[in-house]
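For chain A, the structure is supplied; the task is to place chain B on it using the hints.
Residue numbers (this note's numbering), protein chains in the order written: chain A, 4 to 302; chain B, 1346 to 1698.
These are computed hints drawn from the structure, not numbers from a lab.
Do not take every clue at face value.
Here are the simulated EDC-like cross-link-like pairs (lysine to aspartate or glutamate), alpha carbons at most 20 Å apart as the crow flies [as the list claims (entries may be wrong)]: (1) K1611/B x D1650/B; (2) K89/A x D1416/B; (3) K218/A x E119/A; (4) K182/A x E1411/B; (5) K215/A x E282/A; (6) K150/A x D180/A; (7) K1685/B x D1398/B; (8) K91/A x D1416/B; (9) K89/A x D1458/B; (10) K1413/B x E183/A; (11) K1523/B x D94/A; (12) K239/A x E284/A; (13) K1523/B x E87/A; (14) K1413/B x E92/A; (15) K182/A x D1416/B; (16) K175/A x D1416/B; (17) K91/A x D1458/B; (18) K1413/B x D180/A; (19) K91/A x E1479/B; (20) K1523/B x E92/A; (21) K1413/B x E169/A.
These stretches of chain A come out as covered by chain B in the derived footprint (C-beta under 8 Å, 3 or more residues) [said to hold, decoys possible]: (22) 33-41; (23) 88-96.
With the C-beta cut set under 8 Å, the calculated list includes, among others, these residues of chain B facing chain A [as the list claims (entries may be wrong)]: (24) Q1590; (25) N1591; (26) P1629.
A quick note: this is a predicted structure, and the numbers were derived from the prediction, not measured.
All C-beta atoms, glycine included, are put in the ideal place defined by N, C-alpha and C.
Chain residues, written in single-letter form:
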Amino acid sequence: MKKRIAAITLGLASVALVLVAMPAQKKMLQVKGSDTMVNLVQILAEEYMAKNPGTALAVLGGGSGTGITAIINQTCDIANHSREWKQKEIDLAWEKGVKPRFFVIAVDGLSIIVHESNPLEKLTMEELGAIYRGEIKNWKMVGGPDKAVSLYGRQSNSGTYVFMQEHVLNNKNYSTDMKEMNGNAQIIEGIVQDEGGIGYVGVGYLYDKEGKIRKGLKILNIAKDAKSQAYSPLDKAAVDSGNYPVARPLYQATKGRPDVAAASFIAFETGPEGQKIVEREGFFTIGGKDKEQNDKNLI
Amino acid sequence: MARKTSIRPLLIFGLVLLIAGMMSAQQTFNTTVYFDYTSYLSQYGPVTSVPKDNFFAFRRAYFTYENKISDNLKFRFRYDADNTANLTSVDIKTGSAKKDDKLRPFIKHLYFDYAGLLPNSSLKIGMTPTLTFESAEARWGYRSVAKTLVDGYKDITGVEIDASSADIGANLTGSLAKYVRYGVMFYNGAGYSHAESDKYKKIAGNIQLIPAAGLSVVGYMDYEKQDKDNSATTYKLDGYLEMVQNLTIGAEYFVYQNDKNLIATKERYDVSGLSIFGRYIFNPDVFSLFARFDRYEPNNKVSGDEMSLVIAGLDWAPFHKSMKLQPNIGFMSYADSAKKNDVVLNLTFFLSF
Chain A
4 MKKRIAAITL
14 GLASVALVLV
24 AMPAQKKMLQ
34 VKGSDTMVNL
44 VQILAEEYMA
54 KNPGTALAVL
64 GGGSGTGITA
74 IINQTCDIAN
84 HSREWKQKEI
94 DLAWEKGVKP
104 RFFVIAVDGL
114 SIIVHESNPL
124 EKLTMEELGA
134 IYRGEIKNWK
144 MVGGPDKAVS
154 LYGRQSNSGT
164 YVFMQEHVLN
174 NKNYSTDMKE
184 MNGNAQIIEG
194 IVQDEGGIGY
204 VGVGYLYDKE
214 GKIRKGLKIL
224 NIAKDAKSQA
234 YSPLDKAAVD
244 SGNYPVARPL
254 YQATKGRPDV
264 AAASFIAFET
274 GPEGQKIVER
284 EGFFTIGGKD
294 KEQNDKNLI
Chain B
1346 MARKTSIRPL
1356 LIFGLVLLIA
1366 GMMSAQQTFN
1376 TTVYFDYTSY
1386 LSQYGPVTSV
1396 PKDNFFAFRR
1406 AYFTYENKIS
1416 DNLKFRFRYD
1426 ADNTANLTSV
1436 DIKTGSAKKD
1446 DKLRPFIKHL
1456 YFDYAGLLPN
1466 SSLKIGMTPT
1476 LTFESAEARW
1486 GYRSVAKTLV
1496 DGYKDITGVE
1506 IDASSADIGA
1516 NLTGSLAKYV
1526 RYGVMFYNGA
1536 GYSHAESDKY
1546 KKIAGNIQLI
1556 PAAGLSVVGY
1566 MDYEKQDKDN
1576 SATTYKLDGY
1586 LEMVQNLTIG
1596 AEYFVYQNDK
1606 NLIATKERYD
1616 VSGLSIFGRY
1626 IFNPDVFSLF
1636 ARFDRYEPNN
1646 KVSGDEMSLV
1656 IAGLDWAPFH
1666 KSMKLQPNIG
1676 FMSYADSAKK
1686 NDVVLNLTFF
1696 LSF
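In isolation and in its complexed conformation, chain A is listed as follows (with noise of 0.2 Å):
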């Protein structure tokens, strides 16, 4: 009997042995969040691979709030998140012995679209925040056509979701009547067949395959407020200064300081052949200030 439990338990360790050898050997960089990052992500991703022959990147989505939750628990080496962490986000890290690090990678001038038919031109943030918030259910009420609005959103683990709450409805809760879509691309589905549809996707997701603005779409102008002018988000300028009021930076985080795999890709990214792919996709390159900051928390 002894024998035969000495075997067993030898056989136990034996597998453990090749498994644990085994995982090193292919270790995969695990990239997850953000479904306004993950197609940037994605090129980004393909990209480093195709230079560095011999790496490995999955690039998922999932929403911001699961890839930081992948990071508080160890499960993926980096974080897409198109908001900042939440406070119970920081503290539950804390608890789990994680310190997470930032990088911004680049920024996202949100845009906010209608139906190509809507006449409306621009809107201020405080009707923004009415028209999400379900108190302004008509356009006629912000100077448009007598039409019901049709609410188009995202579901609340984005980051989008959470980024609007925050900065449009001044913290208060989404009108019930919000339709929640799976991602940007559902939401610009949803508003080329609604002429009374507005919703909001990243300033990426506007442009076709030949990098025209999608049919069927147009952009409004925002305004800080009434008697601020109204910007649009793919005024580079304009967002890059902070006149256009809906702009974010596109974060990533790490579990602590990034080891050498997530540290190059990152430092690809951040770099000058990484910037240049984000504004081909149509987002904004980062500034020089948030590249200081992604250098020192490189190391």
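Here is chain B on its own, set in the frame of chain A:
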């Protein structure tokens, strides 16, 4: 019969919630199942008292439905199934009652969760998880392999310690800055599998201090009057170390005191135990190792009844994280020299989808 009576209204309530929830957008469905191929490598102690030495057995099947109604309000409905939940059925031909071993579902969780009562808090009302071993279960992470200390020995020792993983009541948890977490719960005390049988309610509380990132100490206590003259109290202290990436080390110690637990001389006996466990993630969602040591004292007034468990195994997802293989081996030793050690080999299959 008590189970049947308590579950029917809950079932109706659950179905109403389910239908209401289906009309909303933020819904998730999840199923978790685990079953074993078990081989007893010895035949001596109480663990191996069954007259068979290798077999497949389903142990748990969970079906969970969650709905986020608004940013502050969500609800959860969870069916659990195991073959200890058998209801006695009646054979129509013979008119006799008989019992089988089919897996049958019962309600495990059915609660609303409201996040707006206090800053950084969560108020759960309904059939909710208790505070007793929730944090230890989360750190150990292998309920599929073995329940944690306070929950795991009731069946083996036959000593009821009045601790259930879920119960009907109200449960408030939250955090005060990043250094402190708290929890309080007011509930029946009968557990999710029994209707309340007396007028006394149980109150439980815990406080978790996190002085450094990845270092937690949790103090827990619960209290319930048993009758006019007697009461029961559980004291528990946990420590968790998660300061090294991918490594979790945990320890639990508890004492259960019930004035109704008396030996022949009318003295109260206490139940206690110590558990130390660890797990290391080599490749997230792919491969981990785990090990645990328990020392359990079912009666401090009797010598020679202590038992120890050493369990070790690996957690491997060869194809996808939804399907894991968790082969593990457990050694149970007894202070009673008349008993020889138990050795149990399990190949645990863990499915989540």
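Quick rundown of the hints versus the structure:
Note on K1611/B and D1650/B: the hinted pairing holds, with a Cα-Cα distance of about 19 Å set against a maximum of 20 Å. A C-alpha spacing of about 14 Å is found between K89/A and D1416/B, which places the hinted pair at or below 20 Å, so the restraint holds. Of the pairs offered as hints, the one joining K218/A and E119/A holds, with about 8 Å between alpha carbons and a cut-off of 20 Å not exceeded. Taken as a hint, the K182/A and E1411/B pair is honoured in the structure, with Cα atoms around 19 Å apart against an allowance of 20 Å.
The straight-line distance between the Cα atoms of K215/A and E282/A is roughly 14 Å, inside the 20 Å bound, and the hint therefore holds. Restraint check: the Cα-Cα separation between K150/A and D180/A comes to about 15 Å, which is no more than 20 Å; the hinted pair holds. About 16 Å separates the Cα atoms of K1685/B and D1398/B, which keeps this hinted pair within 20 Å; it holds. At most 20 Å may separate the alpha-carbon atoms for a hinted pair to count; K91/A and D1416/B meet this at roughly 14 Å.
With a C-alpha separation of about 19 Å, the suggested pairing of K89/A with D1458/B holds against the 20 Å cut-off. A C-alpha spacing of about 12 Å is found between K1413/B and E183/A, which places the hinted pair at or below 20 Å, so the restraint holds. A distance of roughly 5 Å separates the Cα atoms of K1523/B and D94/A; the hinted pair therefore holds under the 20 Å criterion. Restraint check for K239/A and E284/A: satisfied, since their Cα atoms lie roughly 13 Å apart, inside the 20 Å limit.
Taken as a hint, the K1523/B and E87/A pair is honoured in the structure, with Cα atoms around 17 Å apart against an allowance of 20 Å. About 18 Å separates the Cα atoms of K1413/B and E92/A, which keeps this hinted pair within 20 Å; it holds. Distance check on the hinted pair: K182/A and D1416/B sit about 15 Å apart at the alpha-carbon level, within 20 Å; holds. Note on K175/A and D1416/B: the hinted pairing holds, with a Cα-Cα distance of about 10 Å set against a maximum of 20 Å.
As the CA atoms of K91/A and D1458/B are separated by approximately 16 Å, the hinted pair is consistent with the 20 Å bound. A threshold of 20 Å between alpha carbons decides the hint, and for K1413/B with D180/A the separation of about 15 Å falls inside it, so the pair holds. A hinted pair counts as satisfied when its Cα atoms are at most 20 Å apart, and K91/A with E1479/B qualifies at roughly 19 Å. Between K1523/B and E92/A, the direct Cα distance comes to roughly 10 Å. Compliance with the 20 Å bound is thereby established for this hinted pair.
In summary, the hint linking K1413/B to E169/A is supported, as the alpha carbons are separated by about 19 Å, within the 20 Å threshold. Closer than 8 Å: that is the beta-carbon criterion, and the stretch 33-41 of chain A has 1 residues meeting it against chain B, so the requirement of 3 is violated. Judged by the Cβ-Cβ criterion of 8 Å, the stretch 88-96 of chain A is covered by chain B as claimed, because 5 of its residues qualify and three suffice. With 8 Å as the threshold, the beta carbon of Q1590/B comes within range of chain A, its nearest partner Cβ sitting at about 6 Å, so the hint holds.
Here the hint on N1591/B is kept, as its CB sits about 6 Å from the closest CB of chain A, short of 8 Å. Checking P1629/B against chain A by beta carbon gives a least distance of about 4 Å; that is within 8 Å, so the hint holds.
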